[in-house]
Structures are given as structure tokens and as C-alpha cells.
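Please take these sequences and the hints and turn them into a complete structure.
Number of protein chains: 4
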Amino acid sequence: MKVSIIGATGYSGMELIRYLHNHSFVEIVSIHSQTETQEIDQVYPYLKHLLSLPLEPIDAEKIMERSELVFLALPSGISKEVAVPFVKNSFPVIDLSGDFRLQEEGLYEKWYDKDASHFPLIQGFDYGLAEYREDLSRPFIANPGCYATAAELSFAPLLQNQLLDKQSIIIDGKSGLSGAGKGLSQASHFTEANDNMSVYKMNTHQHIPEIIQQFRRWEPDLDSIQFTTSLIPVTRGIFMTAYGRLNDDRSIEQLIDLYRTTFDGKPFIRIQENGCYPTLKQIVGTNFCDIGIGLNEETNIVTLVTVIDNLGKGAAGQAIQNLNLFAGFPETEGLLQIPIYP
Amino acid sequence: MKVSIIGATGYSGMELIRYLHNHSFVEIVSIHSQTETQEIDQVYPYLKHLLSLPLEPIDAEKIMERSELVFLALPSGISKEVAVPFVKNSFPVIDLSGDFRLQEEGLYEKWYDKDASHFPLIQGFDYGLAEYREDLSRPFIANPGCYATAAELSFAPLLQNQLLDKQSIIIDGKSGLSGAGKGLSQASHFTEANDNMSVYKMNTHQHIPEIIQQFRRWEPDLDSIQFTTSLIPVTRGIFMTAYGRLNDDRSIEQLIDLYRTTFDGKPFIRIQENGCYPTLKQIVGTNFCDIGIGLNEETNIVTLVTVIDNLGKGAAGQAIQNLNLFAGFPETEGLLQIPIYP
Amino acid sequence: MKVSIIGATGYSGMELIRYLHNHSFVEIVSIHSQTETQEIDQVYPYLKHLLSLPLEPIDAEKIMERSELVFLALPSGISKEVAVPFVKNSFPVIDLSGDFRLQEEGLYEKWYDKDASHFPLIQGFDYGLAEYREDLSRPFIANPGCYATAAELSFAPLLQNQLLDKQSIIIDGKSGLSGAGKGLSQASHFTEANDNMSVYKMNTHQHIPEIIQQFRRWEPDLDSIQFTTSLIPVTRGIFMTAYGRLNDDRSIEQLIDLYRTTFDGKPFIRIQENGCYPTLKQIVGTNFCDIGIGLNEETNIVTLVTVIDNLGKGAAGQAIQNLNLFAGFPETEGLLQIPIYP
Amino acid sequence: MKVSIIGATGYSGMELIRYLHNHSFVEIVSIHSQTETQEIDQVYPYLKHLLSLPLEPIDAEKIMERSELVFLALPSGISKEVAVPFVKNSFPVIDLSGDFRLQEEGLYEKWYDKDASHFPLIQGFDYGLAEYREDLSRPFIANPGCYATAAELSFAPLLQNQLLDKQSIIIDGKSGLSGAGKGLSQASHFTEANDNMSVYKMNTHQHIPEIIQQFRRWEPDLDSIQFTTSLIPVTRGIFMTAYGRLNDDRSIEQLIDLYRTTFDGKPFIRIQENGCYPTLKQIVGTNFCDIGIGLNEETNIVTLVTVIDNLGKGAAGQAIQNLNLFAGFPETEGLLQIPIYP
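Residue numbers (this note's numbering), protein chains in the order written: chain A, 436 to 777; chain B, 436 to 777; chain C, 436 to 777; chain D, 436 to 777.
These are calculated hints, taken from the structure and not from any lab test.
There may be inaccurate statements among the hints.
The list treats identical chains as one, so a pair stands whether inside a single copy or across any two.
Unchecked claim - Restricting the straight-line Cα-Cα distance to at most 30 Å, the calculated cross-link-like pairs of lysine-lysine (DSSO-like) are:
#1 K636 <-> K483
#2 K483 <-> K701
#3 K617 <-> K636
#4 K549 <-> K483
What you are looking at is a predicted structure, and each value in this text was computed from that prediction instead of being measured.
See below:
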């Protein structure tokens with residue numbers, strides 16, 4: 436299968452290239468950038484002797500001639516423009532931005548503070564939470580956000596089974612600095628970020644409506660969540676602790692069983708043993724989502740400790756998982772490299 | 436005033452020395468170690484040309500002869516032995532360990548998994564949450580734990596005024612590696628801790644009963660809290676996000692007012708502006724406790740973002756604040772150095 | 436080809452497993468540890484769903500029955516014992532320790548401060564600097580040290596062509612903390628290593644005689660070098676700046692040409708463009724050795740900036756490169772994964 | 436003594452404020468910024484409850500009325516303009532930029548690639564290497580660069596005594612990211628700098644002529660040095676390894692004696708014991724310059740390991756030391772705080 440990547444020089448684009456380099460059934464036929472026109476290994480010298488491909492301007496016509504699917508690894512607000520000719524021609528698109536995720540009119544404008552794409556276009560997209568997709572044949576996939584992926588997979592078993600007090604969900608997310616992308620900012624200046632931790636976008640993060648939208652598919656009465664996002668001084672990874680109150684008594688063993696059963700056959704979800712919690716590093720560089728479960732039996736509060744790589748399961752990894760599901764490849768193809776440790 | 440420090444070579448002991456070096460009314464007459472017998476600047480070459488004092492063995496008699504107060508900066512389990520002769524002689528003690536904090540029989544054994552000190556001895560100690568001490572003249576002070584200090588100051592205004600749903604408190608604490616002390620461990624090995632984050636002692640941390648004990652002084656019906664502790668790859672500091680549900684409607688402005696009023700005249704508590712949250716680095720090296728307050732008006736959940744230096748307000752800084760209160764010195768004496776930035 | 440790994444749970448052992456997981460012609464039939472007996476993915480949870488193999492005790496007989504080659508990823512001093520039965524049976528060994536590198540009697544004892552292996556045994560080993568091996572069929576390979584690899588590849592073109600003042604070589608090496616292995620120490624305690632840099636083993640590092648031994652193969656009159664080793668707060672990688680004085684005038688263009696010519700056809704050596712120097716991160720997770728060359732035309736001093744991954748080209752990567760050369764596989768097999776970035 | 440600080444919000448300006456806060460004989464009467472007009476504790480919330488001063492525009496007349504000396508903590512190229520009215524009025528100036536350091540016409544233009552100040556103005560400035568100043572009464576002081584300070588103090592005893600081969604000096608400097616200031620750049624983006632190390636300005640760093648200028652005061656025949664600058668992932672500090680060849684035999688003990696004698700009575704120079712080398716952290720936050728000395732007796736090459744805080748002895752600390760010398764205060768006044776550790 437021949438694919439193209441638009442936005443190849445961003446962190447998610449580079450991660451798509453990294454995973455696809457190991458994919459047996461996919462060939463990257465072209466990579467595209469809005470700004471760069473060199474060979475990719477001149478922009479990124481670490482690729483020398485590994486991969487050389489020219490960065491090309493974005494020309495939808497040419498891409499559709501040569502390729503069978505396009506990844507859009509672009510910032511929110513830009514994807515919605517670039518996607519149009521592909522969608523109009525029914526050409527398969529996996530979009531990594533937030534532009535096509537919110538399936539209720541007006542939500543995008545409110546949370547992203549930008550004009551939305553034409554709403555019927557948005558409706559054509561399938562929300563690509565890979566473990567929960569229904570119609571794998573749909574050619575337009577809105578790949579989920581990083582925090583959203585972690586939050587949704589964390590709570591899925593509880594919400595699908597109506598086990599939670601609907602008012603009780605609190606999500607405390609921490610992200611490495613690559614989550615903020617390549618753009619320079621005061622918060623990502625080394626002297627500011629090193630040895631520091633800070634909260635940002637308290638209760639205003641654009642992944643909140645995306646999470647609630649998915650939660651409501653499982654628990655339609657759910658209205659709101661408490662969602663905190665913060666920066667930790669690591670390059671990659673999301674470390675999420677999340678809380679919810681059970682609406683009746685259950686043992687920790689029953690809970691872990693429920694999670695194992697729910698994710699049985701899902702190769703990228705790894706439920707930790709009772710008493711064990713994942714560390715951030717154990718998933719960096721991978722498409723895994725590792726979930727540890729705790730229960731405070733005095734309060735009936737469940738604590739979920741969930742880790743994903745924001746550029747893996749939180750972006751490029753899940754995008755390739757979605758490609759595999761769409762194209763009928765094995766779900767794990769290209770995604771089972773052993774990561775670098777330590 | 437002449438003071439001695441036992442356990443001077445640990446991180447808290449060194450921090451006592453650092454602050455007292457700037458104190459106008461206190462002289463360190465002796466420092467003591469269980470293991471070292473050199474000059475302090477041979478153990479710590481960074482002190483050369485700044486401070487030279489011999490490390491002496493622990494001899495309570497001699498200390499009581501030369502000194503007027505002793506700091507115990509020792510691990511829990513050891514303090515309780517070393518403290519005995521001082522207490523028996525009514526010699527003032529400020530203890531930085533957990534050995535004299537829990538004022539209910541049996542609690543220490545349960546949470547510390549060690550034999551407790553003789554209970555009447557424990558009862559002689561005053562819990563030294565500096566902003567909430569009642570009888571400043573008591574000569575035996577149990578200096579609070581680092582997480583406990585942050586948690587108690589965070590919730591004090593809400594609990595004192597019975598504003599919270601008593602079941603709703605969730606505390607998500609993150610600590611730098613110095614919180615684990617100088618002892619080597621796998622979790623504090625650089626290659627493991629760098630670029631990593633991990634949860635430890637989920638719902639079993641020994642500061643839990645200490646927090647609940649203090650919370651009950653304000654809200655006697657409170658039974659339990661949810662308390663998560665984790666390690667972030669920084670050397671110093673506690674970054675705490677904490678959650679609770681208001682039991683009636685209140686605006687964010689009212690909340691911030693409440694916090695400002697509560698801590699009016701408290702020099703080390705800095706309430707952030709509406710919409711602002713503290714960063715970890717802004718308190719490293721200081722005795723400040725900075726609190727940012729958020730309110731999710733849809734859910735009535737308050738989010739508290741609180742930062743302290745685990746070795747400052749969380750240990751040595753507060754110990755000196757307690758000394759100042761006990762001795763009648765200005766509360767801030769020795770504690771208002773400008774910290775290093777960036 | 437079937438291989439076994441002894442010392443699989445150390446950092447180099449784990450890195451062998453990582454690379455071989457991607458190798459088309461090699462199967463790991465067994466992994467062995469002196470201390471662990473679990474499945475490897477129980478020791479290292481990050482391997483769950485990726486690799487499960489039992490850790491077995493070290494039994495040379497059984498290994499020789501099932502396998503065709505053994506990697507020894509053991510500390511210096513232990514390898515020399517474990518290697519004996521394999522060598523005696525002419526069973527192929529690639530040893531990653533320092534035990535079989537020094538081909539002059541007495542050197543090992545002096546620099547490692549331990550008893551050496553039986554000297555004829557040492558003589559049976561070929562020094563495995565992959566780009567400079569002569570007889571690829573030799574079955575006993577002493578894989579070079581990490582600093583040594585970087586130093587030797589840096590100076591090879593200059594020394595092979597007798598271009599340097601023999602007294603002028605100064606090597607200033609910096610290593611990430613993984614170079615010190617999994618063993619706990621004060622220097623690798625996070626609170627000590629973070630935000631710090633320190634020198635260790637000044638002019639006494641055990642790689643010095645190994646470097647001189649190889650340098651003398653190119654420049655027999657060379658007697659000594661200046662060699663500084665230091666720790667930088669990164670997990671992986673060696674960053675080496677090295678200096679030597681040219682013995683006659685040459686332009687920077689000529690020098691770069693010389694390096695390009697020398698390493699023509701060597702897939703893992705990447706000579707940087709004029710004016711460009713490699714960054715450490717560009718080789719982390721790879722088997723590359725990237726070299727940047729500067730020339731101070733006023734002093735005729737050449738500056739070489741060389742980076743390798745201490746666990747890649749400095750250990751496991753080069754070991755697999757040596758396996759490929761020995762077995763007649765393509766030199767790059769298993770070694771051309773795109774690394775994680777950023 | 437009343438002083439003003441221009442450029443107060445930069446890293447060096449903030450460090451001046453930090454040190455002067457502890458100075459018994461100096462009062463900061465005004466602080467000035469080109470861009471900010473708030474209170475300093477609104478720009479830097481970490482200063483709340485510690486220091487509140489309004490940031491004022493730069494008005495030389497008003498400063499000269501209220502103040503007795505001005506610090507210029509401005510970027511090179513801007514200082515030279517701002518300094519003019521003060522110099523013209525013989526008002527004391529301590530300038531932390533590079534604008535007034537190079538006392539040979541044409542050098543500044545070449546190395547800074549900018550127009551120089553009027554040369555007679557430059558000649559009015561005294562180079563402020565505090566341990567080597569001759570006429571302390573001169574009112575215009577060009578405070579040395581950070582790398583320059585470390586390099587000059589490292590080699591002073593050897594050059595003053597003509598002990599070195601003049602062609603042999605190699606300086607390998609590493610700097611923390613604060614050396615690059617508050618300005619955002621790709622190299623100081625957290626995701627790039629973290630876990631990385633890189634070389635910059637190889638043999639073109641603007642401190643080179645400054646170093647040579649000072650070296651020639653001790654050793655007039657010296658022509659050139661080899662000077663490498665690199666970035667290490669720490670916030671603060673310069674770690675320098677430097678090399679030179681002795682021109683006759685000397686023991687390490689003799690060398691250490693020479694250093695101790697040379698710096699006898701210099702409170703901020705700490706010569707390490709034989710076999711000991713300083714770590715970076717031991718000087719962070721201080722005005723110390725710690726020097727460790729090694730000798731390779733085979734090659735007669737001396738290795739100097741020197742650490743300073745780039746914002747302390749490398750900028751603001753030395754500026755205050757120069758103020759103390761100029762004003763006749765004790766040399767160490769305000770500079771002997773115990774730094775934060777760990």
C-alpha cells in the first residue's frame with residue numbers, strides 16, 4: 436500500500452515515518468511540508484544513512500495519483516483546509532489534528548477558538564479510538580488526541596458497565612514537552628522547563644469535549660469531567676492519574692478482571708498486576724497504553740494510572756493502528772519494535 | 436540562641452544549616468552525625484570557605500550543656516530513640532521525623548510498620564504546622580511531613596469553614612527525588628528516574644494519617660482521603676493538585692477571597708491571582724507555600740495547585756519558622772533569602 | 436542462526452535483545468542471568484506483549500547444544516570465567532567486557548586491578564573494532580569499549596596516515612549515566628547527577644591501554660594519550676571532543692575528504708559536513724558513529740567531535756555488527772531501525 | 436551605597452538583585468528595563484513577599500541623581516549605547532556585556548560582528564577580572580565573560596610563571612543553558628536540549644580574544660588558543676576541562692602548591708586537593724571558582740578542571756565582587772550565602 440504524509444517534519448510526522456519504516460505492507464511514496472523543500476535527512480541529520488526522501492510541496496492532485504492514503508500530521512486549523520480535496524474525492528485520509536473529531540456543531544469553535552470545518556465534512560469522519568471503532572471501512576479517520584486516548588481507554592470499562600458515579604470523574608494529566616510540538620515558547624525553554632512542573636489550560640483544554648463525547652457513547656448521562664493538564668520535564672509521554680467513585684462495592688480483583696476482559700485481544704492495552712502501576716518510561720517509543728488500577732476500599736474511589744507515548748498511542752502509533760485496521764493488515768504490523776531502554 | 440543539629444549531613448540537616456547561616460539570632464554551636472566525624476566541609480566540599488564545623492557524635496549531655504535547643508533531622512524510627520534524653524530533661528526539641536506526629540495510639544505502628552515511641556512521649560509533642568499552632572511555648576515540636584504540609588495548608592480554608600463534601604477529597608502529589616533522601620535505590624538511580632515518572636505507596640503513604648488527623652481538627656467528621664504520591668524527575672519540590680467538591684455554590688472570587696482572608700498575615704503563604712497557578716520552580720529554595728485555586732462551575736469541584744519545597748516549607752524551612760515562633764523571633768527571620776533563579 | 440545471550444538483564448544485554456528482535460537471520464534461543472530466573476518480561480515490564488523468554492542459569496553445555504554463538508554481556512572480571520568452556524570447545528563467543536581486549540601481558544592487571552584471564556586465551560580473541568577487522572572468520576571476538584570505539588574511529592584516518600604530532604593527542608570524553616550500568620552509586624543517584632557534571636578516573640580509565648593498543652597498530656611510535664572521562668546528565672551516549680596537532684599544513688576540506696575516503700563504504704560512520712558537528716541525540720538508539728571535524732588554522736590543531744551511543748556502537752550494536760561480519764550477513768542487518776526522536 | 440540596575444529582568448540582572456538583597460552596604464534604589472514596566476514581582480512571581488520594586492524606563496539623568504553606581508546587565512551591542520551618558524559624566528559603571536572588554540581596535544568588530552563603541556570610551560574601562568585588578572579606583576569596569584573568567588583563572592598561575600608551551604593550550608568548555616539567556620531558540624527548546632549535548636561556535640566564540648588579551652598580560656608571546664564551547668543539559672554552570680603542556684618537569688604537588696600560593700588570600704578561588712576534581716553543582720548559586728589540577732607525568736600535560744556559575748562568578752557575582760573592591764567594602768560582602776544543595 437502506498438501512502439503519503441503531509442506535515443512530515445513535525446514530531447508526529449517524523450514518528451509516522453519511524454513506524455512505517457518497519458511496516459511490511461506500506462511504502463511511503465511521498466512526504467510533504469508546508470515550509471521545507473530539502474531531503475528529509477538534511478532537515479534531520481539523524482536520518483542520514485537510514486532514509487532519504489525529498490520533502491515536496493502539498494499538491495493533492497499528485498498525491499492522489501501516486502498514493503492510496505494520506506496522513507495529515509498538521510496543526511489544528513490547517514488540517515481542515517488541506518483535507519478538503521481528498522475528502523471531496525473520497526480519497527482515504529487519516530487526520531492527526533483536532534479538526535474532525537468533534538461531532539457536535541459549535542463545539543470546535545468554542546474549544547479551539549477557531550472557525551470549524553464545514554460540518555458535513557466533519558460528520559464524514561470516524562473517530563479513530565482504535566480499540567473501539569465500529570465500521571473499519573470508513574475512509575476518513577479523525578485520530579484521537581493524546582490526552583483523550585489515555586482518558587478514554589482508562590475509563591472505558593467502567594463507563595461501558597455503568598459502574599461510576601457520573602459526577603465523580605477527575606483526570607489529572609501530565610505531559611512531556613514534545614506534546615507542545617516544535618514551536619518555541621517560554622514554557623518549553625529549557626531553563627524554564629528543566630526542574631519544573633506547571634499546570635496549563637486548567638479546565639479549558641481542547642481535549643475535554645472530545646473526551647466527553649466518547650464517554651457519552653458509553654454513558655449518555657455524563658455531563659462534565661474535571662480535567663487538569665500539566666507539564667513535566669520529560670521529552671515524551673503522558674502520565675495520567677484519574678479518579679472516579681464506584682456506584683457500588685466491588686473488589687480490586689473484580690475490577691482488574693473487568694479490565695482484562697474488556698481489553699482481551701487488544702494487543703496494545705496492557706493491564707498491570709494488582710498492586711503494580713506503570714512507569715512512564717515503559718511505554719516511551721511504543722504504541723502501548725498501560726493501565727494500573729487501584730481501589731481505596733474506604734472511599735470506593737478507583738485510581739487509574741495510565742501511561743501512553745503522546746507521539747505513539749497518542750498520535751502516530753494509533754494512526755498506523757488505524758491504517759492497519761482500515762487496510763486489513765494485522766493490527767500490530769509495524770508497531771512492535773522493542774523500545775529503547777533505559 | 437544556641438542550637439545543635441543532630442543528623443546534620445542528611446538533606447534536611449544541610450538545609451537547616453543553610454537557613455540558619457543567615458539567621459541573625461541563632462548560632463549553630465554543634466552539629467552531629469551518626470556516621471561522619473569529619474569537618475562538614477570535607478563531607479560537602481561545596482561548603483569550603485563558607486562554613487567549617489566538626490561533625491560530632493551524638494552526646495545528649497554535652498548538647499544540653501552547650502545548647503538551648505536541638506533539631507533532630509533523623510529518619511523516622513531513629514528520632515524516637517535519640518529524642519528521649521532531651522524530652523526527659525525538658526530540653527527543647529524540634530523533630531523533623533514522623534516519630535512524634537501521630538497523636539492516636541496504634542496509628543504509627545500501622546502506617547510506619549515500626550514500633551512507636553512511648554505514647555506519653557508522643558503526647559508531649561505539639562504538631563508544628565506553623566500557620567496553625569496554638570500554644571507556641573510548647574518545647575517539643577513535631578515538624579510536619581512535606582506532603583502533609585502542602586495538603587493541610589491547601590485544604591485548611593475549605594475545611595475550617597465546612598465548605599466541602601467530606602467524601603470528595605482527592606490529593607494527587609508529585610515529589611522530586613530529594614524527597615527520598617540520600618539513600619540509594621533503584622527508583623532514584625539516574626537512568627531510571629530521568630525522563631520518567633512513577634507512582635509509589637498508592638493509598639499507603641505514611642503521611643495519610645497525619646493529614647487526616649489535622650483535617651479532623653477542622654472537620655471532625657472526615658474519615659478518609661484519596662492520596663496518590665508520585666516521583667517526577669526534578670531534584671526538589673512538591674507539586675500537588677488536589678480536588679474537593681463544594682457543598683454549595685460559590686464563585687471563584689469568593690474562594691480566592693476566603694483563602695486570602697484565612698492566610699492574611701501569614702508571610703509564607705502566597706495565594707495566586709485568579710487564573711494563575713504556581714510553577715514548581717517558583718518556590719524551590721524557599722519556605723513559601725504557593726496556592727493556586729480553580730473552580731469548575733459545572734461540577735462545583737475546586738482544584739488546588741499547591742507547591743512547596745520538600746526541604747523548605749516541607750522540612751527545614753518550617754522547622755526554623757517553628758523555632759522563630761517558639762523563641763519569639765520574627766517569624767520570617769533567616770527565611771527570606773531570594774532563591775536561585777533560573 | 437541461533438544465538439544465546441549471557442548477562443541478558445544488564446543494559447548491554449537488553450540492547451542486544453532489542454537489536455536482535457529486528458534481525459532477519461538470527462534467533463535468540465536462550466537468555467541467561469546470574470541472578471534472575473523469571474521471564475524477561477517480568478523483570479522488565481516494558482517487554483510485555485513484545486517478548487517473553489525465560490531467564491535461565493548459565494550452563495555452557497546446554498548452550499553449546501542449542502546455540503551457534505554466545506554473547507557475553509557480563510562485567511569485566513566475570514566474563515573471563517564464563518568464557519572458558521566456550522573457548523575450550525571452539526564455540527563462537529562475542530564478549531562485551533574488557534577481559535579479552537588487552538593483548539599485552541600485564542596490562543589488564545595494571546588497568547583493571549584484577550587478575551587477568553589466562554594469557555593464551557586472551558590471545559585467541561580478535562579485537563572487534565568492526566570497521567578495522569582483518570580476519571572476519573575468527574570465532575572469538577573481544578568487542579571494544581565504548582570510549583575506545585569513539586576514540587579509535589575518531590583518530591583512525593589521521594593515525595593511519597601519520598598526520599599527527601604523536602605527543603599531541605588529547606581526548607575529552609563525556610558519558611551518559613547508563614555507561615556506569617545498573618549498579619547503584621552515589622554518582623548515579625538522581626539528586627547528585629541531575630544538573631551536574633563531574634570528572635572521574637582522570638588518566639586512569641581502563642580504556643586508555645585499549646586505545647593506545649589500537650593507535651599503535653596505525654602509528655607504532657605512539658606512547659601515550661591524555662584521556663579525560665566525565666559524566667553528563669543524560670541517560671545514553673558518549674560525546675567526545677578530541678584534539679591533535681597536524682604535523683604539516685592541510686586544509687579542512689582535505690581533512691574531511693580524508694575522513695570520507697577512509698570510511699567510504701562503512702555504513703555506520705557518518706562524517707559531518709564542513710562546519711557541522713554532531714549532537715548527542717542524533718545517534719542515541721543507533722549503531723552510528725558521527726564525526727565532525729574542525730581545524731584551527733592558526734594552531735594546526737584538529738578538533739574531532741564524535742558521538743556514539745555507549746550501548747549501541749559502544750556495546751551491543753557493534754557486537755551485532757561483528758556477528759554480521761562473522762556470519763556473513765549484511766553488515767547492517769538488524770541495525771537500521773530509525774531511532775526515537777525527539 | 437545606592438545603586439541602580441539596568442537590564443534587571445535578564446538572568447544576570449536578576450542575579451544581581453539576588454546577591455544585593457543580602458548586601459549590608461548597598462541599597463538598590465532603582466531597576467530599569469527596556470521592555471517591562473511592571474513591579475518586578477509581577478514579572479517574576481517567585482519574588483512575591485521578598486522584593487517589590489517598580490521597573491522603570493532607562494533615564495540616565497534620573498539614575499545619576501538618585502544613585503551612586505549603575506550596573507549594566509544588557510546584551511552586547513546595547514550596553515555600548517546605554518553606557519555613554521554615564522561615562523561622559525564620570526558616573527561609575529559596571530558593565531556585564533562584552534562591549535568594553537577588548538582593548539585593541541578592530542577586535543570587537545571582528546569577533547562580535549557589530550560596530551564597536553567609540554574606542555577611547557572602551558579604553559576608559561578596566562577589565563574586571565577581580566583577582567587580578569590593579570587600579571581598584573577606576574570607575575568604569577568591564578566585567579569579564581563567563582567562559583573567559585573560568586579560562587583566565589585556570590591558567591593564571593601557569594602563564595604568570597611561564598610554565599607552559601605557548602602553543603599547547605586547549606580549552607574545552609561546557610555551559611548550561613542559562614548561558615544563552617532568556618531568548619528562545621531551537622537549541623534551548625526543552626525537547627532539543629534535554630538528554631542532548633552539542634558544540635557551538637567552534638573556534639569562533641567571542642570570548643576567545645578576551646581570553647587571549649588577558650593571557651598576553653601574563654605571557655606576551657602567546658598567539659592563539661584552541662577553544663571549544665558546548666551545551667550540556669543543565670540550567671546553570673560552566674564546566675571547563677583545559678589542557679596545556681608544561682615546558683619542564685614538575686610534580687603534581689608542586690603544581691598544587693603553585694596554585695595555592697597564587698590564590699592565597701583570594702576568597703573565591705578554591706583549589707581542590709590532589710586527586711580531587713570539582714563537580715559542577717558545588718558552585719551553582721555561588722561566586723566560587725573551583726579548580727582541580729591533574730598532571731599526566733608521561734606527557735607533562737596538565738589538566739585543569741574548573742567550574743564556575745555562569746551567572747555568579749561568570750557574571751553577577753563577579754560584578755558585585757568588583758563593586759566591593761571599588762567601594763572598599765569587604766571583598767566577600769553579599770556573596771557568602773550557602774547555596775541550595777542538592
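Exercise for the section: Pop the pair K617 and K636 into one bin, within, between, both or neither, using alpha-carbon distances up to 30 Å. Expected result: Answer is both: 19 Å inside a copy and 23 Å across each meet the 30 Å cutoff.
Practice task
Pop the pair K549 and K483 into one bin, within, between, both or neither, using alpha-carbon distances up to 30 Å.
Solution key: neither (39 Å within a copy, 36 Å between copies)
Exercise for the section: Indicate which option fits the pair K636, K483 if close means a Cα-Cα distance not exceeding 30 Å: within, between, both or neither. Expected result: Answer is between; shortest inter-copy Cα gap is 23 Å, intra-copy 38 Å.
Exercise for the section: Using 30 Å as the alpha carbon limit, work out where K483 and K701 are close: within a copy, between copies, both or neither. Expected result: between (35 Å within a copy, 13 Å between copies)
When held up to the earlier numbered hints, the structure conflicts with hint 4 and nothing else.
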